[in-house]
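Peer 1: Following the hints, complete the assembly by docking chain E onto the known chain H.
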Amino acid sequence: MSTLHTVNKSPFEKTSLAACLGHASAGSAVLLLEDGVYAALSQTSAEDQVKGALDSVKVYVLGPDLRARGLPEERVIPGISVVDYGGFVDLAAEHEKVQAWL
Amino acid sequence: MSETIKNFLYLNRKAPYGTIYAWESLEVVLIGAAFDQDVSLAFVEDGVFQLTKNQDTAAVGMKNFSPTYAALGDYEVKKIYVEKESLDERGLSLDDLQHLTWEDEDDDWAEKDSIRLVTRAEMTAIMDGADVVFSF
Chain H
1 MSTLHTVNKS PFEKTSLAAC LGHASAGSAV LLLEDGVYAA LSQTSAEDQV
51 KGALDSVKVY VLGPDLRARG LPEERVIPGI SVVDYGGFVD LAAEHEKVQA
101 WL
Chain E
1 MSETIKNFLY LNRKAPYGTI YAWESLEVVL IGAAFDQDVS LAFVEDGVFQ
51 LTKNQDTAAV GMKNFSPTYA ALGDYEVKKI YVEKESLDER GLSLDDLQHL
101 TWEDEDDDWA EKDSIRLVTR AEMTAIMDGA DVVFSF
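As given, the protein sequences belong to chains H and E, one line each in that order. For the first sequence, the tail end lands on 102 under my numbering, and the numbers increase by one without skipping. For the second sequence, the tail end lands on 136 under my numbering, and the numbers increase by one without skipping.
Bound-form chain H, shown alone:
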């Protein structure tokens, strides 16, 4: 059992994503939600951070928060899985604990 990390802040405004990825151990999961979903976009200045993490952690993004912000799923970095609220619940249940990076 490992940890589910959640990031809800924009990577362009806060260091929450960098701090999370710097502390997420191999095999853990990271869920991007609320303003954290901007980190899932391809061709941004934050893209390399997330791509580099995909080798060691599973990365998920919350679909409803993408849609609220007008961000199409086609723009999500390949390797990141889009989940809905039910998927969020499953992730929380599958992992030993949830650690939020605010």
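These aren't lab readings, by the way, just hints derived from the structure by calculation. Honestly, I wouldn't trust all of these hints.
Stated by the list, open to error - Okay, the calculated beta carbon distance ranges per label pair:
#1 Asp90/H <-> Ser135/E: 36 to 44 Å
#2 Leu54/H <-> Thr4/E: 52 to 60 Å
#3 Gly22/H <-> Ala34/E: 45 to 53 Å
#4 Lys51/H <-> Ser93/E: 20 to 28 Å
Claimed, not checked - With a straight-line cut-off of 35 Å between C-alpha atoms, the simulated DSBU-like cross-links for lysine-lysine are:
#5 Lys112/E <-> Lys63/E
#6 Lys63/E <-> Lys58/H
#7 Lys97/H <-> Lys63/E
#8 Lys84/E <-> Lys63/E
#9 Lys84/E <-> Lys51/H
#10 Lys14/H <-> Lys78/E
#11 Lys14/H <-> Lys53/E
The beta-carbon is built from N, C-alpha and C at its ideal position, and this holds for glycine as well.
Peer 2: Same frame as chain H, now just chain E:
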């Protein structure tokens, strides 16, 4: 009442929905528009995300206030500056943003673009030229 017209700049730096800043800014702009001032809006950093098209908040249970930006032209808000560097850093282009327009009564009500894409240097000059800057 004083007839001095001031140049108001509303500076938007936050993404929508994650915090209330974007919506609050829009509300203040609409209220301020009733006072016959020279109004400009600036969108920099994560503020550019406020203007993306196709926002759909149905699944998150929040009000989608993005259609309101299209009404700004009716409130005589015709100058909406978007910083190119901020778009580039976020993988966005003008095509990802709403097409916002205003109607020019001096030109047979021709529809004209409200959004003006500017460089960071140009945005600096716009900020310097403002009489008052409201920050959100």
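Peer 1: Please go over all the hints and tell whether each is borne out by the structure.
Peer 2: Hint check results:
1. Asp90/H <-> Ser135/E: 36 to 44 Å: holds, 41 Å
2. Leu54/H <-> Thr4/E: 52 to 60 Å: Holds, at about 57 Å.
3. Gly22/H <-> Ala34/E: 45 to 53 Å: Given a distance of about 49 Å, which is inside 45 to 53 Å, the answer is holds.
4. Lys51/H <-> Ser93/E: 20 to 28 Å: The hinted range 20 to 28 Å holds for Lys51/H and Ser93/E, with Cβ atoms some 21 Å apart.
5. Lys112/E <-> Lys63/E: Given that 35 Å is the threshold and the Cα spacing comes to 28 Å, the pair holds.
6. Lys63/E <-> Lys58/H: holds, 31 Å
7. Lys97/H <-> Lys63/E: holds, 31 Å
8. Lys84/E <-> Lys63/E: holds, 28 Å
9. Lys84/E <-> Lys51/H: Cα-Cα ~24 Å, so holds.
10. Lys14/H <-> Lys78/E: Satisfied, since the Cα-Cα distance of roughly 32 Å is no more than 35 Å.
11. Lys14/H <-> Lys53/E: Status holds; Cα separation ~24 Å.
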